[in-house]
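Q: Each chain is listed here by its residues.
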Amino acid sequence: DTEVTQTPKHLVMGMTNKKSLKCEQHMGHRAMYWYKQKAKKPPELMFVYSYEKLSINESVPSRFSPECPNSSLLNLHLHALQPEDSALYLCASSQDRTGPYEQYFGPGTRLTVT
Amino acid sequence: RKEVEQDPGPFNVPEGATVAFNCTYSNSASQSFFWYRQDCRKEPKLLMSVYSSGNEDGRFTAQLNRASQYISLLIRDSKLSDSATYLCVVTVYNFNKFYFGSGTKLNVKP
Chain D
1 DTEVTQTPKH LVMGMTNKKS LKCEQHMGHR AMYWYKQKAK KPPELMFVYS YEKLSINESV
61 PSRFSPECPN SSLLNLHLHA LQPEDSALYL CASSQDRTGP YEQYFGPGTR LTVT
Chain W
1 RKEVEQDPGP FNVPEGATVA FNCTYSNSAS QSFFWYRQDC RKEPKLLMSV YSSGNEDGRF
61 TAQLNRASQY ISLLIRDSKL SDSATYLCVV TVYNFNKFYF GSGTKLNVKP
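Residue numbers (our numbering), protein chains in the order written: chain D, 1 to 114; chain W, 1 to 110.
Okay, chain W solo, but in the shape it has when bound (with noise of 0.2 Å):
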């Protein structure tokens, strides 16, 4: 079973649209949550930290549930700039490594 899973998508949505994402995670001792998004060819770039309460930043909100072991992150208001791969990823903290989803890719079409 993998640590984190996402659906790959695509998803193909229209400028204003709003999408969301999800992501399981396996193991009930993660500790941290964080999206990604990785753009073709370039390096993931942090969007942003998932904290428990939730939390919102501009357009993206992100939440957290801890008894279903999923989080989401919710996008508002699409852009054709927000076409990239979206990467969930957790860590425990012991373990020291961060375990990625394997993305879903979201395409925002005009």
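Bound conformation, chain D alone (with noise of 0.2 Å):
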């Protein structure tokens, strides 16, 4: 079962709101990934995570906060979003943070910012 799950599909949300993405595997991957993708472009890496702990961060904006509670599971914490902020937010995990593995991607949060 090659299967990461994201939670919500769509989310929309006010500058002023903070909600939470959330992300599962058990695939038993070790390493954890948040990508951002906007429309015709490749995801583009906002956070790695290496046995739970946070091993990348790619300079993101303090309103992004990563989280990751156990194994299994990895959370992104938004706060005071900006409009370009909208864009598909992806969870991906491997095996290892290093050697030939493969990521596996979930379906991805859809995120609008109004």
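Mixed in with the good hints there might be a few duds.
Claimed, not checked - Straight-line Cα separation of at most 16 Å, EDC-like style, residue types lysine to aspartate or glutamate; simulated pairs: (1) K41(D) / D7(W); (2) K105(W) / D39(W); (3) K97(W) / D96(D).
To be verified - What follows is a list of derived Cβ distance ranges for each label pair: (4) T112(D) / L74(W): 35 to 43 Å; (5) E52(D) / G9(W): 33 to 41 Å; (6) S65(D) / A17(W): 46 to 54 Å.
To be verified - Residues of chain D placed beyond 10 Å of chain W at every Cβ, according to the derived structure: (7) P8; (8) S50; (9) S55.
Please keep in mind that the hints were generated in silico from the structure rather than gathered at the bench. A quick note: this is a predicted structure, and the numbers were derived from the prediction, not measured. No residue lacks a Cβ here, since even glycine has one placed at the ideal position from N, Cα and C.
From the two separate chains plus the hints, produce the assembled complex.
A: So, in structure tokens, the structure goes:
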């Protein structure tokens, strides 16, 4: 089973709201990722967690706050977003942070900031 | 210079055609290579890993040329359902990142 799940599928939020995106995998993968994807562009890496510790933050604004409560779960907390943050947010996982391991993506959360 | 470069296309081909995409990468220390397929408004899905000796999966053949630093994807007997964007992905293990090309759009026409 190579399934990564994400909730919600769609989210509309105002610039003053606080919301969270959730991601779950049960493949025993130890690396998990958040990506942001705009239309007609490739996914853009935001954060990498390895063994539940943040290993990469690609200079993401602090209005995005990741959290990895355990090895299966990854959250992205959102606060005071801007309209330009509207995008598809993808979660992915891979067996480990190094090595010839493929990434598997969840279906994404389509976020609209109004 | 981008880590991974792809021709954005679109490639417009008739059903049954053979089409090939290339992807070049800049870091000679790159170690793993993948092709992903992404349908409109969906997530990328792994199509195939690319091995040094080349590999085939049905109508799809992937090849790696380390000397020239490119990978290729060949699709034979194109189907309408092959219409998608194909993303080339490269990893360098120590950097713990997957580098994505910008994607090549394929349109297969009846």
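Q: That 35 to 43 Å hint for T112(D) and L74(W) (C-beta), does it hold up?
A: Holds, at about 39 Å.
Q: Is it correct that the beta-carbon of P8(D) has no partner in chain W closer than or equal to 10 Å?
A: holds (15 Å)
Q: Take the C-beta atom of S65(D) and the C-beta atom of A17(W), compute their distance, and say whether it sits inside 46 to 54 Å.
A: holds (48 Å)
Q: Report holds if the minimum CB distance from S50(D) to chain W is greater than 10 Å, and violated otherwise.
A: With a cut-off of 10 Å, S50(D) comes too close to chain W, as the shortest Cβ separation is near 7 Å.
Q: Would the least Cβ to Cβ distance between S55(D) and chain W come out above 10 Å?
A: Not fine: 6 Å to the nearest Cβ puts S55(D) too close to chain W.
Q: Under the criterion that the straight-line Cα-Cα distance not exceed 16 Å, is the pair K97(W), D96(D) satisfied?
A: Given pair K97(W), D96(D) holds - Cα atoms ~11 Å apart, limit 16 Å.
Q: What's the verdict on K105(W) and D39(W), does the C-alpha distance respect the 16 Å limit or exceed it?
A: Holds. K105(W) to D39(W) sits at ~10 Å (cutoff 16 Å).
Q: Has the hinted range 33 to 41 Å been met by the Cβ atoms of E52(D) and G9(W)?
A: holds (39 Å)
Q: Are the Cα positions of K41(D) and D7(W) separated by 16 Å at most?
A: holds (13 Å)
Violation of the numbered hints given earlier is confined to hints 8, 9; the remaining hints are satisfied by the structure.
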